[in-house]
Amino acid sequence: MSEQQKIFMHEAIRLAMENVKSGGGPFGAVVVKDGVIIGKGANSVTIDNDPSAHAEVNAIRDACKNLNSFQLSGCEIYTSCEPCPMCLGAIYWARPEKIFFGSSKKDAADAGFDDSFIYKEIDLPCESRKIKAVQLLKDEAAEVFQLWRSTEDKIEY
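Residue 0 is where the sequence shown starts when you use numbering that gives the first Met the number 0, and the numbers rise one by one after that.
Rather than coming from a laboratory, the hints here were simulated on the basis of the structure.
Here the structure is a predicted model, which means the values were calculated and not measured.
Keep in mind that the hints are not guaranteed to be accurate.
Straight-line distance between alpha carbons at most 27 Å, and here's what the computed DSS-like set of lysine-lysine pairs gives [stated by the list, open to error]:
1. Lys39 with Lys64
2. Lys129 with Lys20
3. Lys119 with Lys39
4. Lys137 with Lys105
5. Lys119 with Lys131
6. Lys104 with Lys153
7. Lys20 with Lys5
8. Lys104 with Lys119
9. Lys32 with Lys119
10. Lys119 with Lys129
11. Lys153 with Lys64
12. Lys64 with Lys105
13. Lys131 with Lys153
14. Lys104 with Lys129
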């Protein structure tokens, strides 16, 4: 671990600590490119009444806005805790080079943030999940993908 990596992780942890003191959740994250923090985020789920406002997602949104890009190529994400399934999905879509995390998902679960049920739900068939998922209008919905495939001036991602 380099001194610079320690600095970035300390910043993610500091954001989490400050956030708790301000009434938010105990998570913080920063996005780094070329040794510079280009995005910051803290968990604002309860503050913003937004269940998707996790620290990593907020940091990704901030970094992408600052880069004027929807991808984080050449970036690293430092987060105070191992990302949950939603954040991990967002991170993979953003395509950074690496993730560094402080606390583990077990540490989060011990503090009341247990995501293990989500991992289990993902593996179940749609009809067996706690929140039932029912497919409707499959053929009509598939037309959107047909349009996407035939659109020549699209931006791939």
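Given the hint that Lys64 pairs with Lys105, test it: the Cα-Cα distance must not exceed 27 Å. Since the Cα atoms of Lys64 and Lys105 sit roughly 32 Å apart, the hinted pair is violated (cutoff 27 Å).
So if I understand the rule, the pair passes when the alpha-carbon distance is 27 Å or less; does Lys104 with Lys129 pass? holds, 22 Å
Can the restraint linking Lys20 and Lys5 be considered satisfied, given a maximum Cα separation of 27 Å? holds, 22 Å
Holds or violated: Lys129 with Lys20, Cα cutoff 27 Å? Cα-Cα ~34 Å, so violated.
Would the hint linking Lys104 and Lys119 be met if the CA-CA limit is 27 Å? holds, 14 Å
So if I understand the rule, the pair passes when the alpha-carbon distance is 27 Å or less; does Lys104 with Lys153 pass? Given pair Lys104, Lys153 is violated - Cα atoms ~37 Å apart, limit 27 Å.
Given the hinted pair Lys32 and Lys119, is their Cα-Cα distance within 27 Å? violated, 34 Å
27 Å Cα cutoff - pair Lys153, Lys64: holds, 20 Å
Are the Cα positions of Lys119 and Lys131 separated by 27 Å at most? holds, 14 Å
Does the alpha-carbon distance linking Lys39 and Lys64 stay inside the 27 Å limit? Distance ~11 Å between Lys39 and Lys64 Cα, so the pair holds.
Distance restraint between Lys131 and Lys153, which requires alpha-carbon spacing of 27 Å or less: violated, 33 Å
Given hint Lys129 paired with Lys119 - CA-CA distance at most 27 Å: holds, 10 Å
This entry does not satisfy hints 2, 3, 4, 6, 9, 12 and 13, going by the numbered hints stated previously.
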